Amino acid sequence: MYEINEAALQAPSNLGIVWWAPILYIISFVVLGVLSRTKIKYTYFVPIIVSFISIGIFITVFSTYVSNNWERYGCDIIGVCWNGIDPWFVIGDIEMHFGAIIDGLTVTMLGLISIVGSLVIIYSVSYMHDDPRKTWYFSCISFFIAAMLFLVLANNLLLIYVAWELVGLGSYLLIGFWYGKQTAVDAAKKAFITTRIGDVGLMVGILILGTSFTTSSGAIGTFHIPDIILAAQQGMYSTSELNWGCLLIFLGAMGKSAQFPLHIWLPDAMEGPTPVSALIHAATMVTAGIYLTARLFPLYEISTIALTVVTVIGLITAIIAASMALVMNDLKKILAYSTVSHLGLMIFGIGTGGYAAAMLHLVAHGFSKALLFLSAGNIMHSLHEETDIRKMGNLRHYMPITTICFLIGALSLSGIPPLSGYFSKDMLLHGVTHGKIDFTNIYFLLSLGFIFLSSLYMTRVFILVFWSKSTTEYKDIHEAPKTMNIPIIILTFFSIVFGIITCLIYQDTLLDIMHLVTWGFLDTPLHFEFDLILTILSVGFALSGIIAGYFLYQENYVNKSVFNSGLFKSLNSLISQKYYLDDAYNWIVSNVVNKVTAIVSYIDRAFVNDIGINSPGEAIRATSNKLRYIQTGKVYNYALFIVLSISVIVLIWIFLETGKIL
Amino acid sequence: MGELSLIHIQIASIVLFSIGIYGVLSRRNAVLILLAIELMLNAVNLNLIGVSAFLDQSRFLGHILIIFIITIAAAEVALALAIVLKLYKEKRNTDVDKLDVLKW
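Residue numbers (this note's numbering), protein chains in the order written: chain A, 1 to 662; chain B, 1 to 104.
Note that these hints are calculated values from the structure, not bench results.
Computed from a predicted model, the values in this text were never measured in an experiment.
All C-beta atoms in this analysis are idealised placements derived from N, C-alpha and C, irrespective of residue type, glycine included.
The hints are all genuine.
One side of the interface only, derived from the structure: several residues of chain B facing chain A at Cβ under 7 Å:
no., residue
1, I21
2, V24
3, L25
4, V96
5, D100
Turn these sequences into a full structure, and let the hints steer you where they fit.
This is the structure we're talking about:
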């Protein structure tokens, strides 16, 4: 049975305030949802105020957390119950408590979601200014952020699952926000259905982990995350249960965090408004999978197979998505594939044991990618929704602020010191070289290749959009309004200083709070450690990517015709067609899924519908059709029936009473 | 012939009732059916008054009840005759064979 966490009772009482972050967003969702049919202007002040309060809550929780130094007490996981002792509900022996975990992971995510969410909302005010349904838009965004906040606060897997689905719903609403566009509707459906595939795995995985062990007190299972981790460490799960549980939960994370081969929805999700893309990519949606994998890392640590799968999938995603980002021509799609690629890197980092590094990269990437997307939003806003980078160029003269911010974001993602991307990436590489995993050399070489590719495509985007000569004439082009630039500048600031603050100035304090629990499996880098050779290698590869990009795309040093011949051509077409994954899925759906559903639907129609339901009905109808002729409509016939029936009843009664008739 | 007893009255009541049933089932004229029904009602009345008179001699509950029944039956007959009259005005006859609009 669940016992009240001792730590929960000792926890500072003001940590309960953390619930108000999602609750206020939910209130904002409801209020704006009600107002969305009215013509009231300035409704966006509600989510803006809520998001500021949410940042305040984050700061409160953060300072409480730091000042109490929880890990010193060996008490990293604090359960703050919503209602003290009363369970949320009870299933058999399992009591579900509606509680929060507040540890380094949660606080980190809370900060990222609050800050990026707030900036995106402020940015949206200008970006969505002319949209007639902007109240509903802000309502949806509040809902989306609230769901994500619930997800990172939840202390049990069932609550996480609920929040997980709510996040999926939020993304569906926002990606398909412009439902007049067929592509937007398709993209929303694609995102929802693709993540559903993972969600099925997540659900089964949760049930496996939650119900398949017996505690010493005889209770069967729990969904409380700390208890599950404890049970796994005490060896209460059999190997296969743990492996399957971890793998299936990772399937859910693959769907949400767009890992190969379930990454196909993320590039299409660009159909939504650009601020939504920034939100999805930086804070609310795709980080959920990374968060869950990091949260359950102690389980993956025990299940070696699952950990290997995590590592390999992450690396494949990183490389493949980076290669696709290299050939796309749509600005937002390039950024989307870049996100997929970096998410792969994070998953890969978790797989090699560097979950703290992965979380650091999550935050650093979150700031940089939100910055890049909002800059892209600026560009699209000025160029009338143009996204093809081949039609852009020379924008640096028209949009200087956007150019500088975009450059910093791109450099941060490429891993150039002293921007934050450099620190997190080096920490990840440090984890790869120092982790006790197999194939370290191969992993290391491939991640260097990833660094090269990521700086190459970032250079390509930057040159084609801002630097190279423009092929089209721009009309009335202008820098974006201040309300759009201020969030971008704030994000730029974070992109620059986040790494320095966390890794150089306050590295002991701040990385301690990211510290989950050291389980002694790997000498995981929980701190940034400067390693000269590593730095030279990673920065060298990043710089070589930038230089190669400069010569390829700016100076046209290599004749473009080289790419149109022989091996390059086939490689190019392979990548441009997204490795034929979409086609493969189409083929599977039309040839396998549709056939199977045809059979199932035939069985349903023939047996369940026709035989099971329709045939009794038909029989009764036919019988009634014959029987209705006894209704002659002549009163004396009815009277005769009544008399005869009464006679029969009386005779039977007499027979039963006396044992003989008359 | 012995003295009048309950069984005689009850036999009379049964005979009267059977005649009534026969009338209801065999007549085609609505007014005659109504008469037959009245016959059945009075058969029941007869049975009731007989039982009351022979088995409960100290009180007159049955008698009182019968008076009420007769009163109400009179009202009922008036109502039924009104219906028959209305029917006649609608259909120009009172033959129940022709009144079969209730059928399937």
